[in-house]
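A.B. asks: In case you want the letters, here they are:
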Amino acid sequence: MIALFITFFAAVVLLFLGLNKKESSFSNLAVVALMASSICSFCSAKGICNFAILESWVPANMMLFGYSEHMFASLLAFVAAVIVFAFRKNDNLGTDQLGLIMFSLCGAFMMLSYQHIVMLFLGIEVLSIPLYVLAGSKKESLASNEASLKYFLMGAFSTGIFLLGTAFIYGGTGSLELEMMGIKPSFMHAMEGMPIPTLINAGLILMSVGLLFKVAAAPFHFWAPDVYEGSPNRTTVFMATIVKITAFVAFNKLLTTFGGIHNTWSGWLCVLGMITIVWGNLAGLVQNGVKRTLAFSSIAHAGYLVMFLLILDESKTWILWYYGFAYAMASVLVFLISHQSASEKNPVGFDMFNGLSKRSPWVAFALVVGVLSMAGIPISAGFDAKFYLFSFAWQSSPWLVGVGLLGSAISIGYYFKFIKHAFLVKSDVDASEEVSYTDKPLMLLIAALLLLAGAMPWVLLKWVF
Amino acid sequence: MEIILIPIIAALVTAGLGKRSNVWISTLLSLIPLAILYTYFTRFGVDNGWKSIFDLPWISDNIRFTLGFDGLTGILLLLTNLMVPVIVMAGIRDDENRVKLTALTLFMQGALNGVFMAQDGLMFYIFWELALIPIYFITLTMSGENAFKITLRFFLYTFIGSLAMLASLLYLFLHTSNYSFSFEALRAVELSRIESIWVGAGILLAFAVKIPLLPFHSWQADTYTHSPAAGSMLLSGIMLKMGLYGLLRWYLPLAPESIEFFQPWIIGLSVAGILYGALIAIRQKDMKRLIAFSSLSHVALIAAGIFTLTAEGLEGGVLQMFVHGVNVIGLFLVVELIEKSTGTRLLGELGGLAKSNRSFMIFFMLLALGTVAVPFTNGFPGEFMLLKAVYAYNPNLSLLAGLTIIFCAVYIFRMVQFSMFGEGKHEVLSLKWNEYLAFGILTVAILLIGFVPQLLIDVVHSSIIQIVTWVSEAKGVLS
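Residue numbers (our numbering), protein chains in the order written: chain A, 1 to 465; chain B, 1 to 479.
Some hints could be false.
What the hints assert, rightly or not - Dumping the calculated DSS-like pairs for lysine-lysine here, alpha-carbon to alpha-carbon at most 30 Å:
id	chain 1	residue 1	chain 2	residue 2
1	A	Lys426	B	Lys149
2	A	Lys426	B	Lys432
3	A	Lys462	A	Lys253
4	A	Lys420	B	Lys425
5	A	Lys440	A	Lys358
6	A	Lys420	B	Lys19
7	A	Lys89	A	Lys417
8	B	Lys149	A	Lys358
As the list claims (entries may be wrong) - Calculated from the model, a selection of chain B residues having no Cβ within reach of chain A, i.e. all distances over 10 Å:
id	residue
9	Phe41
10	Ser60
11	Asp61
12	Tyr125
13	Glu129
14	Tyr393
15	Gly422
16	Leu448
17	Gln466
Worth flagging that the hints you see were computed from the coordinates, not collected in a lab.
Every residue, glycine too, gets a C-beta built ideally from N, C-alpha and C.
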């Protein structure tokens, strides 16, 4: 709850402060606020300090911050702080952008901690509406406008479908509170022979469609490549990391509630996971643009995380936390490097990395670490994340794990494109036209974090969970 | 732990110093692990089984960062940490790539030490892959034209093999009682015969590619020939031994039920490999290529010896692993010096080098004698034990395998004759201190093992007896 308050007030302050100022002057304030909410969440999870007064303002049957919610809030605020800091040099954008990012994060916190479907719905809306604006924030760019419109139209439809599902669930179970919702279907299931009402099944499917749209899982992923490519880089990273992790946390809560009847939904969810993994990775292989490749990589990662939804064990949320951490850090790193590598001559293609190992060896090193972590190569955090996820999902969905392993093998094909261009292809740009990299320490810091978390994940996880 | 970390730090230091680092610093850095290894021998001994000497929870409480030490590990560590300084010293004349090569070699030293000490299956796999990375960069960036093609083939072979091994280890992991990757837990998994054959096949594939056994060898000759000398030395001298070590340490104890199924195949393929490698080596004109095929032939004999599953075969195998490492690195060093002096390594274009540099000639001759396995050089005792073990398994096969001694003499002495004697066309550069030192280490190793092979066999004896006991427990028959 504390994270929500800090972020919200900082967002309001930034929105008004920046009415006619450039953004860069206030991004430090945003970073400080986000770090503060991250640290406060962490402390209240660990019981170091207590913000119980704040918790009591919202009824516990609407929103509840338990241990894992605090941890996820801490992670998301930290990732948001890194994103805002890394992309702080967007000089031509107004400070209202920062406010919007932080409002969107407030929506994410609501989605993390909901106890009532209405809060989940509100969270999704609060998360999405600023993103529609942010996607179109490069006002003079056609692609950005297209991205915004596409995202808005598709998002509005998916929300509508989600609401219809909510209505069905209410009809079928008689409640929208998480605690009450699951009881009736589980009970019915326990009594052999009683059929599960069609309303509940249909409602669950429709709500899932809404959430699968948010995580960009097949077959609801068609918006992702275009929107990712058209949006400004900062918004793209935000969508690829924070929105995805949040939606998975919310989705997991919803499905855990209906864990009693998991045999009615685990089948189609598993198949969707397989389709997502295969589609994301195969389509990723044939892309030419860096951002499009990363978009398909993020679709594939959504497919892997479907495994987590099928584990159905509330004591295992740390897997999602760690996966989210590894994936988000690697995404921020790779997006940041590709953001700075883009030049007038090579705005989108892999050629932007040509000769990077000669031009700037440390950046090339960071890029390799980020990409290998996404691919899940050992001693990067991505490997451990995949290892935990796959080995715990083995019991519940062995076939999906099999497809996941195959998908990871395929994905090496496009992740190595980055390394190939950075190390093997010579730069065709004159020395004078080369792009210069700022924030090298930040890149190396994130790379070191990925390696360190990869080398001793258990130490980190024992400390966190 | 320090024996893994120090070389990696040394690699970073070398890379960081860049052109300012000189061969003194790199050599000294590469020698530190040897001193550490000495303390391991004195502190932990070699007779009390495979002891854990470092232990830390890593991915979970049961997937731990565990390093072990015993005689078998000790021998392989000795080979690695004795030969890496030789390789580092040998690289001095390659000015253009020296820093890069030295840094990658030192990194490799750390990774290899990890491979030989890992007591946790996942850790073993990770170090196994980590050892691949430097050699991948060495062949990719320094082997001239066709580098990409050669490296891709090498990479695909080894990577597919490693993935098969990972699949097998994961299968075992998922059947352990407490989801552990530790050697003991993996070994305790009870497998049916069919399961064991599949698991064994996965593990064997990785090792068969690395060794390489006959149908999986086609990456070898090109990679050896076109890599820079240090790369060929690392690959043939030490990395091959990862495969053989893996057979002894991981394959035999983990999937003993499948040995009976694979034994005739592996021994048959090995004997075929011995003859195939030797016959092709006789026809080679390029010295590096000749050594590559000779190496194929020698290593196949080790694999055959190991798969006889007798204590004699295994001990001979370990001894020969060490010896082959010494000899092949020496031969590559000789070829490297000849190529640096004359600009060619084709036998037809060389001749009469003996006249120009006597001491070089003596070193070369010693290495040649060692490789041919003349009595009182290092090659003899190991080869003798291996052939004896194969004879006990099947006399006819040992007859075929024994032909290698004759063939080996043919191709090695042919190489010596064409390059060193006859009409003098070129001269060999005079040796520098570092090359004298490198050849000195090699000479001591050749003569010492030739006269007292028991030195090494005693070190490894108790580990081998342990492995043979496990295997015979599983089969219920065997000496």
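A.B. asks: All hints, please: hold or fail.
C.D. replies: Against the structure, the hints:
1. Lys426(A) - Lys149(B): 18 Å, holds
2. Lys426(A) - Lys432(B): The hint is violated at about 37 Å.
3. Lys462(A) - Lys253(A): 23 Å, holds
4. Lys420(A) - Lys425(B): Violated - the C-alpha atoms of Lys425(B) and Lys420(A) are around 43 Å apart, more than 30 Å.
5. Lys440(A) - Lys358(A): 15 Å, holds
6. Lys420(A) - Lys19(B): 26 Å, holds
7. Lys89(A) - Lys417(A): Holds: Lys89(A) and Lys417(A) sit about 28 Å apart, inside 30 Å.
8. Lys149(B) - Lys358(A): 22 Å, holds
9. Phe41: 28 Å, holds
10. Ser60: Violated: least Cβ distance 6 Å, not greater than 10 Å.
11. Asp61: For Asp61(B), whose nearest Cβ neighbour in chain A is about 7 Å away, the distance does not exceed 10 Å, so it is violated.
12. Tyr125: Incorrect as stated: the minimum Cβ-Cβ distance to chain A is 8 Å, not above 10 Å.
13. Glu129: 6 Å, violated
14. Tyr393: Nearest chain A Cβ is 38 Å from Tyr393(B), so the label holds.
15. Gly422: 43 Å, holds
16. Leu448: 38 Å, holds
17. Gln466: 29 Å, holds
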